[in-house]
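Chains A and B, in that order, are what the protein sequence lines are. First residue of the first sequence? That's 99 in our numbering, and the numbers climb one at a time after it. First residue of the second sequence? That's 99 in our numbering, and the numbers climb one at a time after it.
Honestly, the hints are just simulated from the structure, not real lab data. Warning: the hint list may mix true and false statements.
Identical copies carry no separate label here, and so any pair may be met within one copy or between two of them.
Once the Cα atoms are required to be at most 27 Å apart in a straight line, the calculated DSSO-like pairs of lysine-lysine come out as [unchecked claim]: (1) K278 <-> K171; (2) K365 <-> K350; (3) K361 <-> K350; (4) K208 <-> K278.
Protein chains: 2
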Amino acid sequence: MGGDHGPQVVIPAAISTLQRHSDIELILVGDEAIISAEIAKHQFNDKHRMKIQHASQTVGMDEPPSSALRGKKDSSMRVAINLVKEGQAAACVSAGNTGALMATARFVLKTLPGIERPAIITALPTMRGHTYVLDLGANVDSTAEHLVQFALMGSVLAELIDGKPNPTVGLLNVGAEEIKGNERVKEAARLLTKTDLNYYGYVEGDGLYHGEVDVLVCDGFVGNVALKASEGVAHMIRHYLRQGFNRNWLTKIAGLIAYPVLKSFSKELDPRAFNGANLIGLQGIVIKSHGGADAFAFANAINIAILEARKDVPKNITKHLETLLEEQML
Amino acid sequence: MGGDHGPQVVIPAAISTLQRHSDIELILVGDEAIISAEIAKHQFNDKHRMKIQHASQTVGMDEPPSSALRGKKDSSMRVAINLVKEGQAAACVSAGNTGALMATARFVLKTLPGIERPAIITALPTMRGHTYVLDLGANVDSTAEHLVQFALMGSVLAELIDGKPNPTVGLLNVGAEEIKGNERVKEAARLLTKTDLNYYGYVEGDGLYHGEVDVLVCDGFVGNVALKASEGVAHMIRHYLRQGFNRNWLTKIAGLIAYPVLKSFSKELDPRAFNGANLIGLQGIVIKSHGGADAFAFANAINIAILEARKDVPKNITKHLETLLEEQML
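The shape of chain A in the complex, shown without the other chains:
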C-alpha cells in the first residue's frame, strides 16, 4: 500500500517477478479489495502464486514512526513484517514510510545478537561498478562500535550478494591521512584493524564514486546527507543539460542527435536499477523501495529481497560476528 503509487506499481512489479522466477510465491499485504481490483486489470496465468493477506490500516508517508508503531497494529507494513517474524515470508519489501518501516521492523523482528543498531544499506553506482554504503540514515549519532558493526554487516552482504571474497571496507572521512577526522571515526579505524575484515582505510566523499572500496561505512547523518547531496547534484546537472539543449532550434537538433547517447548514459546511472535498500542488522530481511519507484524499480527491490533470502544474509552476519567474538577480535 506504500509509496507514491501503491498497488498500481506493486502488482505489475509482482507479476514481472513471478514471470522471471518460477520458484517464487508472493504475498500481497494490504487492502484486499484494492489489491484484487488491481490484479484483475492484468493478464497473468499464474495468479495463484500471488496470495493476498488483508490488512485494514495503512501508514501515511509523513506519519511519525511512533504513531505507526502504537496506533497501526493492522497496517500493511506491520502485517507484512509479522509474516517475516512468523516464518511465513522469507522477506518483506515496502515502498512505505522509511522511519515507520525501520521502527516497526526493529520492534517486531529485533536486532541480531551482537548488533545494537540496524542500518540502511544500498549499492550506489560508481566509476568501477558499485559500492555498498551504510548507514544511510537510520542512526544519527553512531558510536565507533556501531560503525564497526556496520562494517561487518556490509562486508557480509557484499560477499554474499556479489560473490566477492573479502570485500574491501572503507571509512568515510574528511581526509585520507591518519590524523584527519573526528574521534568516532579514528576509534572505529583502530577497532577495524583488529578484526579479520579487509579494512582499506579512510575514503573521502569523492572516493565513494571512484569506487575505491566495496563497502563504505559512515554515520547515518553523514551518509544520508552525502546520498541526498549526490542526488541533488545529478538532478541539477540534468536540469542544466536539458536547459542547454532547449536553448534554440540549433541546440534542439543537437539534442535530438545526441539523444541516444544521453539516454544510454543515463541508463548506466539509472537510479531505478539501484532501487532497494536493506534494513540490515535485523532478525529478518526487510527491503525498502524508494517511495517514488515505478514497477521496474520496485521489481528490482523485490529481486534484492529474493537474493538476500536465498543467501540468508541475517544468519551469515551472526555467524561472522560469532567468529570475531570467539577469536576476540571484537
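Fit chain B to the given chain A structure using the hints.
The following block gives chain B in isolation, referenced to the frame of chain A:
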C-alpha cells in the same frame, strides 16, 4: 608558492587581476628568484603594482599543520598572513595546504571576538544561482553554538557580497521535519529561532542544489563529505558522458554536434568560476584557492578577496554579533 602549479598560475592570475582593477596593488609572497623569473616571462606595463615579499620556506601540500606552524616561520603562507596581521595587506590568497593555512591563520590572526571557531565557507552552484555553505571541513565536531556562529557569519557574508538583505539561513539535516536530526542540529535550530537571522529551517542534502536557502550551515565533517561526494558525482557523470560519446563513430559524430551545448552547459557549472573559499571568523581575510586552480580560477579567488576587503567582512561580523549579544538574542 602553494597549490599544484605555484607561481606559473599565480603570476598570470595576478596580472589579469591588476588589468581588471586599476586601484589594486598585489604583494607576491615567496621565493624572490622564482617569482621574478616568472614575472619576466610576461608582458605587462604595470609591473610596479606587483611587489615581491621574499619568504625562504614553503609548506608542503601534505605537511601536517603542526609542522608548518612550528617549523616554517618563514614560509610564504606565514609571511603572507603576517602582512594581513600588520595591516600591510587587506587580504591573503593562497592555493596551499588547507590545514596548514587554517592553523597558521588562526594562530597569527586569532578569531573574531565572540567567534570560537573559524569555518570554511564557499558559494556552491545551485539550480537558482548559488548558496553559501559552511563549514566545509575546518571543524569536525561542531557544537550547536558553533553552528549558530557559522549561521551568523554566513548571513553577514551573503548580505555583504550579494547585496541581498536578510539572506535565508538553513540547517543541513537528514529530514525537513522538526523531529529529525541529531541533538546538535535540533539545539542549533532552537537557538537560531531566537536570533534576528532569517532562519528558514532544515534543508536536506538535495535541497542544497535546489537553492532552497542563501546560506546553509552544517558541521565541517558533514559539509566536507557532502562537497566531495558532490564533486565525485559530477566527475562520474562527466566520465560516463565522455564514454558514451566515445563508443563508436556514430556517437562520436553526435558528440561533435552536441559539443557546443555540452561545453556551455559545463561553463554554467564550471567549478573554476566558484574557486575561492573564505576562512571566515578570523581577524583578517584569508581566501583559500583550490590547489589545482588554473590562472582563471585563481583570479576568481583573488577577486573574492578584493570584494571581501572592500566590504570589510570581519568588521561587519563583529558588529552583527555585538547587536545580537546586546539584545540578548545569543
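Taking the hints in turn, this is what the structure says about them:
1. K278 <-> K171: For K278 and K171, the Cα distance is within 27 Å only across copies (23 Å; inside one copy 46 Å).
2. K365 <-> K350: Both, since 21 Å and 18 Å are each at most 27 Å.
3. K361 <-> K350: both (15 Å within a copy, 15 Å between copies)
4. K208 <-> K278: between (35 Å within a copy, 22 Å between copies)
In summary, this structure violates none of the numbered hints.
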